[in-house]
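> Take a look at the letters that make up each chain.
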Amino acid sequence: MERMPVFVKIDEYEEVLSLLKTVRGKLDDAKGTLAKIHELKNEEDHHLEMWQNSLEEVEKKVDFIDHSLNEPERYQ
Amino acid sequence: MGWLFGKKKVPKVPLPEGHLVDDRALRFPSSPTSRERVIEPEKVKEAVGIGSKPMMKEESIFPTAAPAPMPKPKMSKMPPMPRPMVSRRPVPEPMMERSPMESMSMEGPLFVKVDVYQRVLGEIDQVKEDLQQLGHLSRELEASGFNNEDNFTKLKRSVKNMHDKLLSMDKVLFKSQGD
Numbered sequence: 065m066e067r068m069p070v071f072v073k074i075d076e077y078e079e080v081l082s083l084l085k086t087v088r089g090k091l092d093d094a095k096g097t098l099a100k101i102h103e104l105k106n107e108e109d110h111h112l113e114m115w116q117n118s119l120e121e122v123e124k125k126v127d128f129i130d131h132s133l134n135e136p137e138r139y140q
Numbered sequence: 270m271g272w273l274f275g276k277k278k279v280p281k282v283p284l285p286e287g288h289l290v291d292d293r294a295l296r297f298p299s300s301p302t303s304r305e306r307v308i309e310p311e312k313v314k315e316a317v318g319i320g321s322k323p324m325m326k327e328e329s330i331f332p333t334a335a336p337a338p339m340p341k342p343k344m345s346k347m348p349p350m351p352r353p354m355v356s357r358r359p360v361p362e363p364m365m366e367r368s369p370m371e372s373m374s375m376e377g378p379l380f381v382k383v384d385v386y387q388r389v390l391g392e393i394d395q396v397k398e399d400l401q402q403l404g405h406l407s408r409e410l411e412a413s414g415f416n417n418e419d420n421f422t423k424l425k426r427s428v429k430n431m432h433d434k435l436l437s438m439d440k441v442l443f444k445s446q447g448d
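Protein chains in written order, with this note's numbering: chain A, 65 to 140; chain B, 270 to 448.
All the given hints hold, so there is nothing to weed out.
The calculated lysine to any residue pairs, modelled on SDA-like cross-linking and capped at a C-alpha distance of 20 Å, are:
| id | chain 1 | residue 1 | chain 2 | residue 2 |
| --- | --- | --- | --- | --- |
| 1 | A | K125 | B | K429 |
| 2 | A | K90 | B | H405 |
| 3 | B | K382 | A | R67 |
Not the full set, but computed from the structure, chain A residues with beta-carbon under 10 Å of chain B:
| id | residue |
| --- | --- |
| 4 | K73 |
| 5 | V80 |
| 6 | L119 |
| 7 | V122 |
| 8 | V126 |
Listing some non-contacts, in silico: residues in chain B with all C-beta distances to chain A over 12 Å:
| id | residue |
| --- | --- |
| 9 | D394 |
| 10 | E398 |
| 11 | Q401 |
| 12 | H405 |
| 13 | R408 |
| 14 | E409 |
| 15 | A412 |
| 16 | F415 |
| 17 | D419 |
| 18 | R426 |
| 19 | K440 |
| 20 | K444 |
Honestly, the hints are just simulated from the structure, not real lab data.
Being a predicted model, the structure only gives us computed values, none of them experimental.
We treat Cβ as the ideally placed atom computed from N, Cα and C, and that holds for glycine.
Please model the entire structure based on the sequences and the hints provided.
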């Protein structure tokens, strides 16, 4: 016996299509927001790197002061 | 000669008799047929996909070698010819490719095969699970953001403390130099 295809009737599929369109719009919004967050995170990373560099500089200077005060003869 | 002037033979099969036909049967129907039943040629073209994209010449299908440059014709000294009048007809814009959803009419119920319907339901379930996972991730991110803020406050505090100590150290060193 040949198998006949069985169909499901969807009455208000215009509403489903409209909802799908809305969901697609929200998805685009979410993508845009995520891209912005990525951008902000990159900026943050850059600032953190600058922080790290500055702290390393400060550490070097503090080391120099410390050594120059503790062992003055080495830095004459 | 009997065969020439003999009796006429009567056909054994009776001839069909004519019958009256109603005149209305030969007329075209006065009321127009319903639009749903008439399949316009444009719709057929849309369904088949003809005309949705303007086809270019053979170059879109077969790659062709670049045409050899034509030798420039020698310009003879002729009086300039008047330009032919060209009627400016509006150039038809190429038709945009329509998605299958747009080309479908939006009226009436939709019939979907059972296996497709089941697959759609499965996909919806998957999307729900993904959204739940995204919510969980966003909560984690909020928590980590709070931690970041906390750490940043600590960092600022320690830098300020360091600055104060350096200032007091500077003060002590300069004071001893001034004495």
